[in-house]
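Engineer: Whenever a hint applies, use it, and build me the whole structure from the sequences.
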Amino acid sequence: MAAGGAGGNSGGKTYSFKVVLLGEGYKLIIPPLPLQASFLTKKLNITGKRVNLAIWDTAGQERFHALGPIYYRDSNGAILVYDITDEDSFQKVKNWVKELRKMLGNEICLCIVGNKIDLDKDRHVSVEEAESYAESVGAKHYHTSAKLNKGIEELFLDLCKRMMETAQAEERLKGNGASQSASSRRGVQIVDDEPQATPAGGCCSSG
Amino acid sequence: PQRTNRNRDVGGSLQRHTGANCDSAPPTLRLGGGSFILPRALKGRFRKVSGMLSSLMTPERRAVKRIAELSRDKSSYFGSLVQDYISFVQENRGCHTSGMDFLQTLRQFMTQMKAYLRQSSELDPPIESLIPEDQIDQVLEKAMHKCVLKPLKSVIEVALHDFQVSSGAWQQLRENLALAKTKRPQELGVDGAVPPDPVAIEKIRHKFLNMRKMYSPEKKVSLLLRVCKLIYTIMQDNSGRMYGADDFLPMLTYVVAQCDMPQLDTEIQYMMELLDPSLLQGEGGYYLTSAYGAMSLIKNFQEEQAARVLSSETRNTLHQWHRRRTAQRSVPSVDDFQNYLRVALQEVDTGCTAKTLVVHPYTTTEEVCSLCAYKFKIPDPENYALFLVTEDTSQQLAPDTHPQRIKAELHSRPRTQIFHFVYRKVPNLNLCIPAIMQNGNCLQVE
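Protein chains in written order, with full-length UniProt numbering: chain A, 1 to 207; chain B, 1 to 446.
These are calculated hints, taken from the structure and not from any lab test. Ideal Cβ positions, reconstructed from N, Cα and C, are used throughout, including at glycine. Hints are supplied without guarantee of correctness; some may be wrong.
[Claimed, not checked] Here are the computed lysine-lysine pairs in the DSS-like style, where the Cα-Cα straight-line distance is at most 25 Å:
# : chain 1 : residue 1 : chain 2 : residue 2
1 : B       : K213      : B       : K153
2 : A       : K42       : B       : K153
3 : B       : K114      : A       : K174
4 : A       : K43       : B       : K229
[Claimed, not checked] Quick look at which bits of chain B chain A covers, simulated, 3 or more residues with Cβ under 8 Å:
# : segment
5 : 247-259
6 : 275-284
[As the list claims (entries may be wrong)] To give an idea of the chain A side of the interface with chain B (calculated C-beta under 7 Å), a few residues:
#  : residue
7  : K43
8  : Y133
9  : V137
10 : G138
Structural biologist: Below you can see the structure in the form of structure tokens.
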């Protein structure tokens, strides 16, 4: 999946990514809202590569929760924003993470964002808790203040780099897969893996 | 000779997909009646005139026009494919299971025809000579709308409506729309923003009515975008504030309810399924998704009122839809990997080791087992078997089953559970019985 398709030829590659905004207070993430504020595009230039972002906002109220899948399908990245002064909003982010991992697997780059760091004195979600949670689910954690326009540009740049890495890894994998299947003969053949240590949690992945 | 082969390929797969769902015969050539002879004779003259005019056209219009002409020329391979398909659809509407299924077949046909046109040399002049490489796809898309959707528009409309009526969805939608229309914006989740007044609603209704007249999903979407922009403008003019999806989605739901047009449902379906998939990520895709969401909320309005959340059934439909979409996109990469199967050897003392085996769809579990025995160097393979293990179940696979097919089936489910193929020792009954005896749990046999 991860449509993160690179378009054009190898020379001037342009990446197109879809990023979905989820969670409470997400609308604070892009302070100078353009006119149509629930969909926007952003063009970035990262290490000489052009990146087009399509950013999809979602309605956060509980009654719209069931519509989540139609918005986040095919996303390459998700930005999940909570309010550092509101523990409940952090819980909601956790629920989204669970759902996204279940529905989209590990291909989606997750950003967990603690917003309103200008209100640090009223903080109800500890930095340690948030960061270790993000790490435990394979997400990256960011601190922002939409009010002071702090940390937002960095967030987008970092997310783009991560999505590019994912897309490039996938391209390589695709390349390998194609050459392997091309060389495979009819019948059953075995591809050796590196000897594996017993994984800590459940056993080996299948799929 | 290479081209002939390619032609045969496209034709073959086409027949497969049109025939897949129906018992009726594959499309057959229909010869035009006598009435076609006269226009045909005139056609030569028209062609000369249009040839002169076409030099004044943009390259894009020329290309679209040329493809449309070719699609009507049954002596060309492309023309016969398109014309046969069109008459097949007109005559065999009943062979699809749902409107969605019908639209997806149409989309598939258009995509296949685009691929054919890119490869074949039937187009003269070749499209590359008229259109820059990066625009070819969108020109072909436009041409397909003209060749396929334009002649079939009314057939599609009737078919979609019939499906809705026969499933009872039409009646339910009308009832729910009528109910939703009585609700104030606040009851639909609007919080603060000022809704469009009746004059604006009438204007929007008019745009939706115009949308219905178009056959091109892209043009329909561009009208939907205009409606959405109008709603935004009204929201902002009335407040000076900016609004995100939290405010927009409920407002769009309110507007759709006020327009009271049950036909909008099939319009959205039409756009959703037939729009060029590459456009689904953009602005059009976003607002189309929002319109689909608004319609879903209205369709489930009565339940939603009671439960405050969408029914699990709707959630499932959305998930299925999501899966299908993503599945469609990932087809090429899945193809690359579909002959691999990861199997884990589970040993009591050493834990898990996994290997990736090349296993074809027709390879049986028995064959996979002997492969595992060889690969994992098992001295007593007769005591081992292949198991399908999920979070809470473990199932021994019969020797004549096909693990790849099982895997494919599991992946096609709306909610894929995590699963593993595990090669391990079969629990030995002789060993188990004494264990049960020891616990004193065995049944007393008289």
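Engineer: Run every hint past the structure and note whether it holds.
Structural biologist: We went through each hint and held it up to the structure:
1. B/K213 x B/K153: holds, 9 Å
2. A/K42 x B/K153: Violated: A/K42 and B/K153 sit about 36 Å apart, past 25 Å.
3. B/K114 x A/K174: Holds - the C-alpha atoms of A/K174 and B/K114 are around 24 Å apart, at most 25 Å.
4. A/K43 x B/K229: It holds: about 22 Å lies between the C-alpha atoms, which stays within 25 Å.
5. 247-259: holds (count 3)
6. 275-284: holds (count 4)
7. K43: Violated - the Cβ of A/K43 stays beyond 7 Å from chain B, reaching only about 13 Å at its closest.
8. Y133: Violated: closest Cβ of chain B sits about 21 Å from A/Y133, beyond 7 Å.
9. V137: violated, 16 Å
10. G138: violated, 16 Å
Checked against the numbered hints listed earlier, the structure breaks hints 2, 7, 8, 9 and 10; every other hint is satisfied.
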